[in-house]
Amino acid sequence: MSASLEKGINALKEQVDSSVAAFFSSCVHCGVCAEACLFYTETGAPETTPINKTEPLRRIWKSEYTLFGRIGKMLGLTKKVDDQFLTEWETLVYDNCTLCGRCSMVCPVGNDIALMIRKTREGMAAAGHAPEGLIGASKRAVTIGSPMGVKLPALEAQIRHVEKDTGLSVPVDVVGAEYMVLLSSMEIMNFPEFIGAVAKIFKKADVSWTISSEAFEATNSGIQIGVSDIAAELVQRIVDAAEKLQVKTVISPECGHAYMAIRWEGPNLVGKPFNFKVRHITEVLDEFRQNGRLKITGKESQRLTYHDPCQISRRGGVIEQPRNLINMFSDNFVEMPDTGKMNWCCGAGGGVSTNERADEVRLKVFQRKKDQLDEIKPDAIVSACSNCRIYLEEGLEEYNVDIPLMSLTETLAEHLAD
Amino acid sequence: MNNNEDKTLEEMTRDEKTHDERTLGETLRSQGISRRSFLKFCAATASMMAMSPAMIPKIARALEQARRPSVIWLSFQECTGCTESLTRSHAATIENLIFNTISLDYHHTLQAASGTAAEAAREAAMKENFGKYLLIVDGSIPLDNPGYSTIAGISNVDMLMETAAGAAAIIAVGTCASYGGIPHANPNPTGAVSVTDIIKDKPIINVPGCPPIPVVITGVLTQFLTFGSLPELDDIGRPMAFYGKSIHDRCYRRPFYDKGLFAETFDDEGAKKGWCLYKLGCKGPTTYNACATTKWNNGTSFPIESGHPCLGCSEPDFWDGGGFYKSISMPTENITKTVIYTAAGAAAAGVAIGAINRSRKNKAVASHSKTGIDDLSK
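For the protein sequence lines, the chains are A and B, in the order given. Here the first sequence is numbered in numbering that gives the first Met the number 0, starting from 0 and rising by one per residue. Here the second sequence is numbered in numbering that gives the first Met the number 0, starting from 0 and rising by one per residue.
Among these hints, one or two may not hold up.
Simulated crosslink set (DSS-like; lysine-lysine; CA at most 27 Å straight-line) [what the hints assert, rightly or not]:
no., chain 1, residue 1, chain 2, residue 2
1, B, Lys377, A, Lys79
2, B, Lys369, A, Lys61
3, A, Lys72, B, Lys362
Hints are computed from structural coordinates only; laboratory data are not their basis.
Isolated chain A (complex conformation) (with noise of 0.2 Å):
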């Protein structure tokens, strides 16, 4: 089977439920939701307004389940959802959009219009219309297990030289381990640091942890894509990988869509609850601050912001935690002007990152981070997401300005106190 027009429209019937019906039947066409959207801000490009995103959707919303509409298909007046269509709606759907989910925020009816385009990429990716990009990462996902093509060994190689560095043992496939730590490529192949890190600070807080041979990645390139049965594959790696280890909490690494996608999404897609809990590490961290499992020396004094990942902060309520954990070790931390659930995205979440096609645009809205960071000039930037970090480094390099990033776990690990 291949992809094809009819399959696309296919799945856009399926992913119109009554809140899409009445997301689509609330919009008052005020407009508000370009002014929250980075990709509009900066380009000034009126087709990038994200309500106008859920085009395809709408579409078939329209001609399928109104009266008008209906009556309207019959009598030929209906615009068509074609290939010619599709092709034209592809970059705004996935290049000129994150997901970051801020069009949600200001949208005065309350719509889920991040929700929306999501579910416009399912009837994208089933028609055929996906970047090749993002392609290439779910096949490498569900052929490989990484998006990246990290494969076991690469990670046992990684695991070695960590444990070597530090002097701990990273534990892998411990049954009846508390937590079971995930992990991205990105932070496999560019910050094994963070799992030093980890070692580091469960040792530190004294509970048990283990890391799976069979799941051991985190991200989720279905849910970038917008195909749920990929999806749902990845997750089931993850849920059976626990329950095989019997573990109580499945940790998310630090990486946005992946907590979302295991956290809230997780559970929908494979159809039933998980018998374990789901954490993002900060999450887990607080938790241990809170306990008083965590003991801190030393104080950064250099002027600290923290960047909240959207899927963190904005989808996932993960606000208090980070800024708890870097109240710990800084005594000069600073708020972004919009920030928490209102910040702005890096620009390369929601697979942009993986797609190729929109590094021009991705490069051009990081604008919009960079006139936040002039405003509060800090020395450092503090976040719990590799991909923003990545990316927020390749944005400010690009732009000019030496601000260097650092991972919330990994200066955490840094100050604990012997």
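Position chain B against the provided structure of chain A, taking the given hints into account.
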């Protein structure tokens, strides 16, 4: 001892004599009511009954010379609220004393005698004063099955027929006796009827209210005693002097009604400011009674003054008026119905469209073919 005993007996005999022969004026004075108080009462009664001031001396003279009439009070299907209303005044009002000065020969609640002795008193009064006594009735009369209410084995209807035969006039006190009242309310299980439904050959004065205002009862008695005649009655047998104007016409909140200022709920600004209670179901506009002028509890207040809408208790079938808190304005109800029917129609159409949409959605779900990694490109 003997002297004293004789004297006491003599006094008792004299008292017994004078008890029947003394005029009302003499009785009142013997009870310590000054002439001034008496005249004040006469003036108040005259003004209450909308008589000219010239009538005051006539009332005074008539009352002075009136003999204590025999009164028989029959209680049928009732709650004794009417008797309570009349007797439980805060102070010994002059109305009470007037009432004391009538010869109340039979009254379930107030008489000391019971059983055979009580019935004997009634029969004796009827015999001695045949054609002259006043019959007061409170409570309705069950006709479906007379067994619902009997006194000394005599059914209400039989006792009424028997006692009414020799009455000079009948006063139906309370809404039950006047119009059937609460026992008559739908579905009327006892087949309750009013006095006027049974007695056709006697003058009947209806003094409705649940309960009626005490001064209205004494006022009617006064007129009967003064002029020996019945007061002017309206089309449903009520004295015009007390029931001639609606509560609404005499209501102190009427100006708010005229300005269109209404309380919408019992705790809103309007309610606090004392605006018209029409929208909260006040039956003042259709209720004819003297509450708004005579008031209750020694002239303290009346229901509307306490912030509650008038229930319309002095009107026939007030219990079946469709709800005490439902506004008497009918268009509102029709609009509500229209809205409900329209909404129901729209909802039904919505359900139908929803069902069609659901089947289309289900069809789409059924024709879902799993998208794998090989299905992402054409």
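Here is what the structure says about each hint:
For the hint pairing B:Lys377 with A:Lys79, the CA-to-CA distance comes to about 20 Å; that is within 27 Å, so the pair holds. Distance check on the hinted pair: B:Lys369 and A:Lys61 sit about 25 Å apart at the alpha-carbon level, within 27 Å; holds. A threshold of 27 Å between alpha carbons decides the hint, and for A:Lys72 with B:Lys362 the separation of about 19 Å falls inside it, so the pair holds.
In summary, this structure violates none of the numbered hints.
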